[in-house]
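Undergrad: The lines below spell out each chain.
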Amino acid sequence: MSDIKETTGLSRRQFLKGSGAAAAATALGTAAAPSAQAAQPPAAQQVPGMGPAGVKITLQVNGRKMSSTVEPRVTLLDALRNYLDVTGCKRVCDRGTCGACTVLLDNKPVYACSMLALEAQGKEIRTAESLVQGAKLDAVPAAFVRFDAQQCGFCTPGFVVAMKAVLEQNPKATPAEVEKGLAGNICRCGTYEQMRDAIYSLCNTKRG
Amino acid sequence: MKNFTYFRPTTPEQAVALLENRWGNTELLAGGTDLHDLQKEYVAQPARVVSLSGVNALAGITVDVKSVRIGANAKLADIANNAQLKRLFPSLTDAADQIGGPQIRNMGTLGGNLCQRNRCWYFRDEHTNCLLKTGQRCFALDGENKYHAIFSQGHRCVIVNPSTLAPALVALGASAVVQGPNARRTVELARFFRAPGANNEREHTLEANELVVEVTIPVGNLANASYEVRHKQAYDWPLVQAAVSFERGDGGVRNPRVVLGHVAPTPHVSEAAARSITGQGITEATAGAAGRAAAQDAKPLSQNAYKVKLVEVAVKRALLIAAGQKRYWEL
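Chains as they are written, first to last, in the numbering used here: chain A, 4 to 211; chain B, -3 to 327.
The set of hints was computed from the structure by calculation and includes no laboratory data.
Just so you know, not all the hints are guaranteed correct.
Here are a few chain B residues that face chain A, going by a calculated C-beta distance under 8 angstroms [unchecked claim]:
#1 1
#2 5
#3 28
#4 47
#5 97
#6 98
#7 100
#8 103
#9 231
#10 233
#11 267
Below, in silico cross-link-like pairs of lysine to any residue (SDA-like), each with a Cα-Cα straight-line distance of 20 angstroms or less [as the list claims (entries may be wrong)]:
#12 A/183 / B/77
#13 B/142 / B/232
#14 A/111 / A/207
#15 B/305 / B/270
#16 B/228 / A/110
#17 B/-2 / A/97
Going by beta-carbon spacing under 10 angstroms, a handful of chain A positions derived as facing chain B [stated by the list, open to error]:
#18 49
#19 50
#20 51
#21 56
#22 58
#23 78
#24 95
#25 98
#26 111
#27 116
#28 121
#29 140
#30 171
#31 174
#32 187
Here the structure is a predicted model, which means the values were calculated and not measured.
Cβ atoms here follow ideal geometry from the backbone N, Cα and C, with glycine treated the same way.
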């Protein structure tokens, strides 16, 4: 389990982020100015618009407050990965069909790709990273390791988060109930049978 | 996704005041599962997005003796898991429970489910200029149409209405409370939907500056059920859905409603099926006859004749479930 330790030094991600900064700055400079608003009824005038330029946001991620400045169109997924460097949630379909971006929002699984970062403020966000405390793996990813319930592993962070949500809500969930909770996730490698082994193990553990 | 200005009003009146009297430049954002998809495909390119997440008046589910109120912001999961709703309206809770997966149900809302755009692949393709954009023709009419309408009644666009809650709600006699710029109005869900045929028309009859506040359902002694046929067990759109409701009396079924989903541009009310089952006891034979009656006026397109048989099966099974009969199709 030594492979879960953080590496130090300049990562590939940090390098790419640094080299992309200049291009991003250019793009920001050309962002359209807010369109002039026609005269509006009093009710609307009380509501200020945000953007289209960057807006300061604060998110509560895995127990930590994190801040950044994002355009309104930035999804929670892209804010986590590209602005806050929380990369457990993966961008695969980016259309709310594959489940790789699954995060817990106030303990409920949602697709981070289909939600604006602005809309996630004030909510408690948990990603797959929250399933490791120090060097100790949570029971769900530990079962994935034990039963080899992955092949390429790209879908795994979404699966473990979705599975964690079911077992948190109902520690006595049956394997069928856990499987229902995974209906919104897909594994293109097809490791479902090993996942079933992991699920049965987790349910038996819970049953004592 | 094209960038936009984001608004977060706190009352329905504020939200409506931010809307415009034409479609497209300003969009309402509820759960986001439909709107953001359309934005990423550049099918929707609003310059302004009005979020409903801060409008508390749209939240909550209230069950009274005479009626049930479900706020437009109620999540599909909240509807599916509500114990009182499960007891009164299993057609609605079953329909909600079968939409998407848990993530979709934790995000998607009642109002969004009713007002979402259709799933026609020509409409949702950025580069296809169909009737519902600025184009002159429907490409599904003589194109790839296996998931399209079999009851299109001469409509120029042959989408199916994408809402799975709508047939159940129409069968239960529900109404929507709609906030407009000056006042609120109530519209029966049976009159809420329309078949769109141009880029300034949506799948419903709301004006561009109106918004659904809540849906109310009268509480009666209605047997009800929804049954859908899909390719996959989960995370799939229904090919055909049947929602039914009726009163039970000594002389058999009274005041039945049979509403089909995913077979027409609007939820499709089958008068023929209702007539067929009125005054009858519900058996496999009478339910099957009602199913055949529901399918008799179907006019399938080149690739979706298979749906006609599915209508017969879905209506038959929905009636048997509502009557508490044995589900012969389950092992």
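Undergrad: Give a verdict on every hint.
TA: Verification of the hints:
Among the interface hints, the one on residue 1 of chain B holds; its C-beta lies about 4 angstroms from the nearest C-beta in chain A, closer than the 8 angstroms criterion. Hint status for residue 5 of chain B: holds, given a least beta-carbon distance of 5 angstroms to chain A, under 8 angstroms. Residue-level restraint check for residue 28 of chain B holds (minimum Cβ-Cβ distance to chain A is 5 angstroms; threshold 8 angstroms). Among the interface hints, the one on residue 47 of chain B holds; its C-beta lies about 6 angstroms from the nearest C-beta in chain A, closer than the 8 angstroms criterion.
The closest approach between the C-beta of residue 97 of chain B and any C-beta of chain A is roughly 2 angstroms, which is under the 8 angstroms cut-off, so the hint is satisfied. Residue-level restraint check for residue 98 of chain B holds (minimum Cβ-Cβ distance to chain A is 5 angstroms; threshold 8 angstroms). With 8 angstroms as the threshold, the beta carbon of residue 100 of chain B comes within range of chain A, its nearest partner Cβ sitting at about 6 angstroms, so the hint holds. Taking 8 angstroms as the C-beta cut-off, the interface hint given for residue 103 of chain B holds, the closest approach to chain A being about 5 angstroms.
With a cut of 8 angstroms, the hint placing residue 231 of chain B at the interface with chain A holds, because the nearest CB-to-CB distance is about 5 angstroms. About 11 angstroms separates the beta-carbon of residue 233 of chain B from the nearest beta-carbon of chain A, more than 8 angstroms, and the hint is not met. At a threshold of 8 angstroms, the smallest CB-CB gap from residue 267 of chain B to chain A is about 36 angstroms, leaving the interface hint violated. For a cut-off of 20 angstroms, the pair hint linking residue 183 of chain A to residue 77 of chain B stands: about 14 angstroms separates their Cα positions.
For a cut-off of 20 angstroms, the pair hint linking residue 142 of chain B to residue 232 of chain B stands: about 15 angstroms separates their Cα positions. Between the alpha carbons of residue 111 of chain A and residue 207 of chain A the distance comes to roughly 23 angstroms, so the proposed pair goes past 20 angstroms and is violated. Among the hinted pairs, residue 305 of chain B with residue 270 of chain B is consistent with the structure: their alpha-carbon atoms are about 18 angstroms apart, no more than 20 angstroms. Between residue 228 of chain B and residue 110 of chain A, the direct Cα distance comes to roughly 27 angstroms. Violation of the 20 angstroms bound is thereby established for this hinted pair.
Note on residue -2 of chain B and residue 97 of chain A: the hinted pairing holds, with a Cα-Cα distance of about 15 angstroms set against a maximum of 20 angstroms. Because the beta carbon of residue 49 of chain A sits about 6 angstroms from the nearest beta carbon in chain B, less than 10 angstroms, this interface hint is met. The criterion of a C-beta within 10 angstroms of any C-beta in chain B is met by residue 50 of chain A, whose closest approach is roughly 5 angstroms, and the hint holds. Taking 10 angstroms as the C-beta contact cut-off toward chain B, the hint placing residue 51 of chain A at the interface holds, the least distance being around 8 angstroms.
Satisfaction of the interface hint for residue 56 of chain A is found here, the shortest Cβ-Cβ separation to chain B being roughly 9 angstroms, below the 10 angstroms cut-off. Against a cut-off of 10 angstroms between C-beta atoms, the interface hint on residue 58 of chain A holds, since the closest Cβ of chain B lies about 7 angstroms away. Residue-level restraint check for residue 78 of chain A holds (minimum Cβ-Cβ distance to chain B is 7 angstroms; threshold 10 angstroms). Taking 10 angstroms as the C-beta contact cut-off toward chain B, the hint placing residue 95 of chain A at the interface is violated, the least distance being around 13 angstroms.
Taken as an interface hint, residue 98 of chain A checks out: its beta carbon lies about 5 angstroms from the nearest beta carbon of chain B, inside 10 angstroms. Interface hint at residue 111 of chain A: satisfied, since its Cβ lies 5 angstroms from the closest Cβ of chain B, which is below the 10 angstroms cut-off. A least Cβ separation of about 8 angstroms between residue 116 of chain A and chain B falls short of the 10 angstroms threshold, and the interface hint therefore holds. Because the closest C-beta pair between residue 121 of chain A and chain B is about 6 angstroms apart, less than 10 angstroms, the hint holds.
The restraint placing residue 140 of chain A at the interface with chain B is violated, with a minimum CB-CB distance near 23 angstroms, outside the 10 angstroms limit. Residue-level restraint check for residue 171 of chain A is violated (minimum Cβ-Cβ distance to chain B is 13 angstroms; threshold 10 angstroms). Against a cut-off of 10 angstroms between C-beta atoms, the interface hint on residue 174 of chain A is violated, since the closest Cβ of chain B lies about 17 angstroms away. Because the closest C-beta pair between residue 187 of chain A and chain B is about 2 angstroms apart, less than 10 angstroms, the hint holds.
Checked against the numbered hints above, the structure violates hints 10, 11, 14, 16, 24, 29, 30, 31; every other hint is satisfied.
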